[in-house]
Amino acid sequence: MKTIMMGLFVLFGLTVWGQEDHRGPRHGKKDKLTAEQRSVLQTKKLTLALDLTTDQQEQMQAVLLKKEEERDVRMAARKEMQEEQDPKELSSEKRFEKMNERLDALIAHKKEIKTILSADQFEKWEKLVHHKKHRAKHQKRGKGKKQHSRRS
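The end of the sequence shown is residue 159 by this note's numbering, with every number in the run present.
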C-alpha cells in the first residue's frame, strides 16, 4: 500500500512539475522599458560593437529614439486593431499598404544609419542586423521542436 501511495505521489509531483514554466525569471512577465531607455541600451550595445564616437552615439541615440517611439505607436495601433477585428480579415490592399509602409520605414532608417556610420561600421552594422534576423527566424521556427543532432 505504501508503495502504491508513494508511486501516486511521485506521478502526481512529476505531472505538476511538468506543467510549470522552467525557463526562469527572464521569460516571465517583464517590466516594459520606455522608448528612451530602449534607445539608450541599443546605442550602448552598438557603441561596444562598432566603436562609435561620442558624436555618432548622440546621432544614433536620436535615430533609435525616433524608431522606438514609432514602434510604440505601431504596437498600440496593432493592439487596438486586434481588439476591433480579426487580423486575418485584412483586405489585400490594407495588407499591401502596411507592408509598404514598413519597408519604406526600413529604407529610411537604413539611410539615416548610413549617414552616421563610416563604411566599415555600416558593414558591421548590416552584419549585426542580418545575424539578429537570422537568429530570431531560427528561434521562431524551432519553438517547440527538438534540435536534430548531426550524424557522423
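Among the clues, some could well be false.
Claimed, not checked - Using 20 Å as the maximum straight-line C-alpha spacing, the simulated EDC-like pairs for lysine to aspartate or glutamate come out as follows:
| no. | residue 1 | residue 2 |
| --- | --- | --- |
| 1 | Lys51 | Glu90 |
| 2 | Lys140 | Glu130 |
| 3 | Lys51 | Glu108 |
| 4 | Lys101 | Glu90 |
| 5 | Lys52 | Glu133 |
| 6 | Lys118 | Glu100 |
| 7 | Lys118 | Glu108 |
| 8 | Lys52 | Glu65 |
| 9 | Lys73 | Glu108 |
| 10 | Lys144 | Asp127 |
| 11 | Lys105 | Glu75 |
| 12 | Lys39 | Glu75 |
Just so you know, these hints were derived from the structure itself, not from any lab.
Predicted model, so just to flag it, every value in this text is computed and none were measured.
For each hint, the structure was consulted:
1. Distance restraint check for Lys51 and Glu90: the Cα-Cα separation of roughly 36 Å exceeds the 20 Å cut-off, and the hinted pair is therefore not satisfied.
2. At roughly 15 Å between alpha-carbon atoms, Lys140 and Glu130 fall within 20 Å of each other, so this suggested pair holds.
3. With a C-alpha separation of about 28 Å, the suggested pair Lys51 and Glu108 falls outside the 20 Å cut-off, and the hint is violated.
4. At most 20 Å may separate the alpha-carbon atoms for a hinted pair to count; Lys101 and Glu90 meet this at roughly 17 Å.
5. With a C-alpha separation of about 14 Å, the suggested pair Lys52 and Glu133 falls inside the 20 Å cut-off, and the hint holds.
6. Between Lys118 and Glu100 the alpha-carbon distance is near 27 Å, which puts this suggested pair outside the 20 Å criterion.
7. For the hint linking Lys118 to Glu108, the alpha-carbon distance of about 15 Å falls within 20 Å, and the restraint holds.
8. For the proposed pair Lys52 and Glu65, the alpha carbon gap of about 13 Å is at most 20 Å, so the pair holds.
9. For the hint pairing Lys73 with Glu108, the CA-to-CA distance comes to about 16 Å; that is within 20 Å, so the pair holds.
10. At roughly 26 Å between alpha-carbon atoms, Lys144 and Asp127 are farther apart than 20 Å, so this suggested pair is violated.
11. Distance check on the hinted pair: Lys105 and Glu75 sit about 18 Å apart at the alpha-carbon level, within 20 Å; holds.
12. Of the pairs offered as hints, the one joining Lys39 and Glu75 holds, with about 13 Å between alpha carbons and a cut-off of 20 Å not exceeded.
Comparing the model with each earlier hint shows violations of hints 1, 3, 6 and 10; every other hint is respected.
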